[in-house]
Structures are given as C-alpha cells and as structure tokens.
Amino acid sequence: MRKELILIGLVLVSIVVVSAIGIFLSRRTNPTPSPTPNSGLTLTNQFLPEVNTQTNYPTEVGPDWETYENTKYGYSIKYPPFWATIINVTPTSGKETLETATSLDIFDSAAQKSYPDGVMTIQYLSTAPSSPASFSRSEITLNGLKVQKFAGTEDNLHIEIYLIPSGDDVIEIEFRYLPEDAIVQTFTAMLQTFQPTK
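If you read the sequence shown in this note's numbering, its first letter stands for residue 1, the second for the next number, and so on.
Worth flagging that the hints you see were computed from the coordinates, not collected in a lab.
Worth double-checking, as some hints may not be accurate.
[To be verified] When the alpha-carbon atoms are kept at most 30 Å apart in a straight line, the in silico DSS-like pairs for lysine-lysine are as follows:
hint, residue 1, residue 2
1, LYS146, LYS78
2, LYS72, LYS198
3, LYS95, LYS198
4, LYS72, LYS95
5, LYS146, LYS72
6, LYS95, LYS78
7, LYS146, LYS198
8, LYS72, LYS149
9, LYS78, LYS198
10, LYS149, LYS198
11, LYS78, LYS149
Could you put together the complete structure from these sequences and hints?
Dropping the structure here:
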C-alpha cells in the first residue's frame, strides 16, 4: 500500500512538473505584452501617416481635384487628390522646379499601385517623337486642338500617347497602365482637363 501511495505521489509530482514546464515555455514563446505609456494609441495612428486606400478610380473630375500648372511651357491639367507629381530626371532637371519641369510623372501614390504600372507622363518636346510602327494612329480633338493619338502594347503595358501642338513644339502626354485596369478611366478624365495657359 505504501508503495502504491509513493507511486501515485510520483505520478502527481510528474504531472505538476510537466505542466509547469509547459506553461513556462508557452510564456517564453508568446510573452504577455507589457503595458506602455500611450497604450491607448495604436502604432499606426502614432507613427504612420494616414493613407487613402483608393481602389475605385474616378471617371470624372471632382471638386477636390488638384491642378498642376506648368508656367514655363504654358499648360495645366487636373488630377485626383492623393495622387503625386514628380519631376523626371533629365540632364537639365536639376535646375527645374515642379512648375517649370520639362518632364514629369503624375501617378496614384495612395492606392499602393506598382509604379510605373499606372502613370501619366507629360513632357515638352521640341520635335514630335516617332512612335512604334505597331501602334495604331488616329487624330482626335482635345479642347479645340487637333491631337495625334497613338495606342499599343509594350512590355505587357497598354500605352496611349497624345501629341499636342504647342507653337512650333509639342507636349506629349503618355499613359502607361496594365491592360483592363480601371485607372485608364481616370487618365481619360484627366486628359479632358488639359488646357493651354499661354
């Protein structure tokens, strides 16, 4: 009888020891977070800027759209809020400001798109560029201006190029986007806001 009690005691002690080891190990791999000052604020609210997760691209110009105006080359165009404008690096771009940029990109910086897989590039050119022979060519009227349009596919991206006369020179607007991407609706709405300012 005494041996049976000792055996039962050993079994119970073994269970307690194994349980204690299990609890200790689980707390080491999943520690309980210690309270911190400002624990009422989340990390996102405290340290990260608010990001607009735009997924539906606007099909028409809204009252909150921004206006980009190029004072050197004499044109303006509107773009949605939360989008970005940046100067493209060229040999002379170091002396340019955004308002006098020879070439710039406008793109959706908020929707986490893969830039440049959805970008509008605007550049001022002294001569009209030649477009790939595989691109279709047509002529459209844009705000009273006769504009050449080229469209095609290159590197799995759909490309539309618009050549807008500006005196003896040309302003080229190019869209690059993934085929079937709704962002083209926004680019089309943006194009309709293009205005010469000189």
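Status of each hint after checking the structure:
no., hint, in the structure
1, LYS146 / LYS78, "holds (20 Å)"
2, LYS72 / LYS198, "holds (10 Å)"
3, LYS95 / LYS198, "holds (22 Å)"
4, LYS72 / LYS95, "holds (13 Å)"
5, LYS146 / LYS72, "holds (22 Å)"
6, LYS95 / LYS78, "holds (24 Å)"
7, LYS146 / LYS198, "holds (17 Å)"
8, LYS72 / LYS149, "holds (24 Å)"
9, LYS78 / LYS198, "holds (17 Å)"
10, LYS149 / LYS198, "holds (23 Å)"
11, LYS78 / LYS149, "holds (20 Å)"
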